[in-house]
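A.B. asks: Sequence:
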Amino acid sequence: MKAPELRALPVNELEAKRNDLKEEYLRLRCGHVSRQLADVIMIKKTRRNFARINTVLNEKQMQLSEATKTDEQA
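Position in the sequence shown (from 1) plus 1 gives the number in the working numbering.
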């Protein structure tokens, strides 16, 4: 998924996707170690998607903390 598509999703859905990708990444790594994985590029793609979701989650968390700070100052 692209970052703009991820930014449109709610936090709970992003966290669910992150958990799914984490499980898939572990499964792919095990498949690679046991030489059962045909497409090694999937490991790289999964890792990047995982990082992309983490980035969007961190952005949303920063926006929430900034909004809280401005509410406290007002």
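Please keep in mind that the hints were generated in silico from the structure rather than gathered at the bench.
As the structure is a prediction and not an experimental result, all values here were calculated from the model.
Beta carbons are placed, not taken as given, at the ideal position from N, Cα and C, and that holds for glycine.
Among these hints, one or two may not hold up.
[Claimed, not checked] Okay, derived cross-link-like pairs now, EDC-like style, lysine to aspartate or glutamate, Cα gap no bigger than 20 Å in a straight line: (1) K61 with E73; (2) K3 with E14; (3) K23 with D72; (4) K23 with D40; (5) K46 with E67; (6) K45 with E67; (7) K18 with E60; (8) K46 with D72; (9) K45 with E73; (10) K61 with E16; (11) K61 with D72; (12) K46 with E24; (13) K3 with D72; (14) K45 with D72; (15) K46 with E73; (16) K70 with E60; (17) K61 with E24; (18) K70 with D40; (19) K46 with D21; (20) K61 with D40; (21) K61 with E25.
[What the hints assert, rightly or not] Okay, the calculated beta carbon distance ranges per label pair: (22) L65 with R30: 15 to 25 Å; (23) V34 with L65: 22 to 32 Å; (24) N20 with T69: 40 to 50 Å.
A.B. asks: If you check each hint against the structure, which ones fail?
C.D. replies: 3, 5, 6, 8, 9, 13, 14, 15, 17, 18, 20, 21, 22, 23 and 24
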